[in-house]
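Here is what each chain is made of, one letter per residue.
Protein chains: 2
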Amino acid sequence: MPDDRTIPPLAEADRKRLDDLYHSLQVENGRILGYPCNGAFDYSPLYRFLAFPANNVGDPYLPSNYHLNTHELERELIATFATLTHAPEAHWGYVTSGGTEGNMYGIFLARELYPEGIVYHSEDTHYSVNKILRALHVRNIMIRSRPDGTIDLEDLEETIRIHRDVPPLIFANVGTTMKGAVDDLAGIHRILKRRAIQSYYIHADAALSGMILPFVDGAPPWDFQAPVDSISISGHKMIGCPFPCGVALARKANVERIARRVEYIGSLDTTIAGSRNAFAPLFLWYALKTVGLDGYRRRVRECFGVADYAVGRLTAAGCHAWRHPYSNTVVFDRPAEAVVRKWQLAVNDGIAHLIAMPHVTRAHVDQLVVDLRERP
Amino acid sequence: MPDDRTIPPLAEADRKRLDDLYHSLQVENGRILGYPCNGAFDYSPLYRFLAFPANNVGDPYLPSNYHLNTHELERELIATFATLTHAPEAHWGYVTSGGTEGNMYGIFLARELYPEGIVYHSEDTHYSVNKILRALHVRNIMIRSRPDGTIDLEDLEETIRIHRDVPPLIFANVGTTMKGAVDDLAGIHRILKRRAIQSYYIHADAALSGMILPFVDGAPPWDFQAPVDSISISGHKMIGCPFPCGVALARKANVERIARRVEYIGSLDTTIAGSRNAFAPLFLWYALKTVGLDGYRRRVRECFGVADYAVGRLTAAGCHAWRHPYSNTVVFDRPAEAVVRKWQLAVNDGIAHLIAMPHVTRAHVDQLVVDLRERP
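Chains as they are written, first to last, in my numbering: chain A, 1 to 376; chain B, 1 to 376.
A portion of the hints provided could be inaccurate.
From the structure, some residues in chain B lie toward chain A, with a derived Cβ separation under 8 Å [said to hold, decoys possible]: (1) Ile7; (2) Asp14; (3) Tyr22; (4) His23; (5) Tyr66; (6) Gly99; (7) Ala135; (8) Gly240; (9) Pro244; (10) Ala273; (11) Thr290; (12) Val291; (13) Tyr309.
Here are the simulated lysine-lysine pairs, DSBU-like style, with alpha carbons at most 35 Å apart [what the hints assert, rightly or not]: (14) Lys16/A / Lys252/B; (15) Lys252/A / Lys252/B; (16) Lys252/A / Lys342/B; (17) Lys342/A / Lys16/A; (18) Lys252/B / Lys193/B; (19) Lys16/B / Lys252/B; (20) Lys342/A / Lys252/B; (21) Lys193/A / Lys252/A.
Quick look at which bits of chain A chain B covers, simulated, 3 or more residues with Cβ under 8 Å [claimed, not checked]: (22) 46 to 53; (23) 229 to 241; (24) 290 to 301.
I should point out that these hints are in silico values taken from the structure, not numbers from a laboratory. Using N, Cα and C, we set each Cβ at its ideal position, and we do this for glycine too.
Start from the sequences and build out the full structure, keeping to the hints where you can.
Here is the structure:
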């Protein structure tokens with residue numbers, strides 16, 4: 001009698017399909033210039049852990065009835081991010097399934113604190129935020145952006161002035177999707193002060209830049225010292241991870257408002273997702289332990305070097321390239337569709353960008369420029 | 001000069017910690033009786049894919065600018081689930097990060113269709129649904145449960161009768177968390193008909209049972225033929241997966257209401273999460289291809305055999321054990337805390353349960369009964 005718990009092998013045709021998929025991923029992996037997914041990682045020493053049905057269900061700071069978890073590593077990881085973001089002693093955080101969950105968490109907290117509040121966000125905000133605002137039923141107003149991608153402070157102040165009867169909930173971009181722009185948080189705080197607004201909330205979407213700015217001397221204010229109230233940082237971007245993940249950080253007092261004790265899991269239901277990927281904290285913890293913070297500082301410097309090289313080469317090719325000094329995102333004129341497709345470039349209206357992630361080399365830039373000259 | 005893209009090794013102390021974690025997971029993995037996480041899987045032939053920063057961002061049915069995805073396998077997987085759930089030709093689905101996202105998706109769709117609607121859900125509904133309802137700002141009323149865990153139809157009808165001016169949005173449990181109970185969908189449809197209600201929505205939370213009921217002869221109505229409008233099924237439960245994941249299925253016409261074209265990813269933003277784990281569809285596709293539907297039918301039969309054995313042994317031990325004939329969840333008297341902890345049992349008030357998942361054997365049941373006799 002066959003043991004039903006052994007896994008039969010894959011049929012030959014299906015094995016062939018997986019091989020084809022593997023080779024196609026290999027080819028495409030060498031041509032990701034437009035998306036901020038770092039492909040320079042190696043988690044193979046951790047693969048053995050994938051034999052377990054692990055699950056970080058519930059609050060990482062509380063004991064859980066489900067013992068196959070990596071809550072301990074998750075807490076250490078959050079502590080490292082708390083240091084990088086100058087979080088107050090009384091902070092709280094968890095590892096999310098990615099940017100959408102992290103931003104949803106921040107806006108959810110803001111809305112719970114100020115149910116009548118209005119979210120202000122610039123037109124350069126990531127496309128998913130509209131969906132989150134719609135899902136969470138929050139009043140919101142889109143603010144004009146400046147050409148450099150930052151929120152237009154004049155438009156913001158005028159709009160807040162009209163709605164001074166309700167708390168502003170600022171959705172700040174710390175590295176916009178297309179231009180890598182960081183909203184002027186000092187300017188935002190000046191507006192709040194000038195208008196004598198004491199009830200407000202600021203969430204920072206630092207998906208990519210949250211692991212760049214801590215390593216940039218003279219970076220603009222962006223973290224808990226800016227100050228902001230919550231931050232979302234992606235794990236699969238600057239750190240790099242095979243699956244999307246991220247970190248959500250917030251002030252502890254705010255988080256306690258949405259906690260609810262759940263006997264079933266013997267924990268607090270403070271996270272948006274219930275069951276949570278236990279490998280995301282494990283992988284990110286491993287990355288931070290091996291590469292180290294000094295390693296990331298070097299990587300960011302390297303990336304900026306490649307970004308500068310790209311600005312130079314693309315400018316020479318007549319593509320009007322530029323970047324913010326604190327960002328690895330290089331904006332240039334939108335090229336032909338075939339080039340966009342080949343290099344997986346991100347485009348929006350008349351512009352495109354490449355993002356100098358750790359796997360992007362000067363050789364990649366050279367090849368792109370060759371293609372641009374051939375098919376401008 | 002060191003290449004900054006090679007990963008340095010882990011320090012000795014950290015390597016030791018990972019080894020300890022591995023061994024602790026090994027031990028605990030042999031003692032999961034209370035949670036529906038199947039530990040009987042082996043995805044090692046797929047580990048090589050974890051070298052890539054894959055991402056199933058966006059709608060699985062549309063081409064994406066980001067080429068490192070497993071959308072093709074995801075579509076095949078959804079097609080298999082559509083067959084298992086008797087979905088109409090015009091269906092749509094995607095692989096989620098787990099039950100919370102799947103249920104959020106269903107309730108979100110319901111609310112978009114009927115913004116003024118009221119969600120009705122029984123008191124035996126999974127704890128996370130309260131959080132979802134709160135996040136999505138949906139009016140909702142909790143309905144009494146019957147002792148067997150199903151929604152009390154009398155209470156439901158009386159409550160719907162009082163609120164006949166707004167569409168009912170029924171959150172149906174297809175396998176409750178604690179008792180594995182399936183809400184009486186035929187009875188719910190009788191109520192809707194009797195009260196002449198034509199605008200309504202039914203979402204089925206079939207986290208665990210969605211991969212059990214298709215293989216049970218004479219199963220109660222629960223799927224698109226019941227009929228329901230959307231279904232959420234977990235991937236890490238009956239199928240088994242190292243990380244949480246799931247499948248959300250819905251009627252296509254409803255989904256099109258929340259779609260929004262996003263140029264940045266060159267796709268439709270129809271999913272709750274933007275970036276999505278590309279390994280979840282890959283792993284689930286592999287499981288269905290290797291184990292096969294006949295294999296799952298055999299597994300379910302095996303699980304029911306172990307569940308019956310547990311009912312017998314626990315009853316003999318004086319623990320008042322029982323199960324629904326269509327469920328592998330065995331309910332019994334709540335034991336001492338030490339036993340709960342050791343076997344990772346789920347408890348609620350005076351009851352506990354074990355769930356006869358594919359990794360649970362008769363030997364496990366015997367050992368549990370020994371512990372129960374020692375520490376009742």
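Against the structure, the hints:
no., hint, in the structure
1, Ile7, "holds (5 Å)"
2, Asp14, "holds (5 Å)"
3, Tyr22, "holds (7 Å)"
4, His23, "violated (11 Å)"
5, Tyr66, "holds (6 Å)"
6, Gly99, "holds (6 Å)"
7, Ala135, "holds (6 Å)"
8, Gly240, "holds (6 Å)"
9, Pro244, "holds (4 Å)"
10, Ala273, "holds (5 Å)"
11, Thr290, "holds (5 Å)"
12, Val291, "holds (7 Å)"
13, Tyr309, "violated (15 Å)"
14, Lys16/A / Lys252/B, "holds (32 Å)"
15, Lys252/A / Lys252/B, "violated (41 Å)"
16, Lys252/A / Lys342/B, "holds (32 Å)"
17, Lys342/A / Lys16/A, "holds (25 Å)"
18, Lys252/B / Lys193/B, "holds (24 Å)"
19, Lys16/B / Lys252/B, "violated (51 Å)"
20, Lys342/A / Lys252/B, "holds (32 Å)"
21, Lys193/A / Lys252/A, "holds (24 Å)"
22, 46 to 53, "holds (count 8)"
23, 229 to 241, "holds (count 4)"
24, 290 to 301, "holds (count 6)"
The structure fails hints 4, 13, 15, 19 (numbered hints given earlier, in ascending order).
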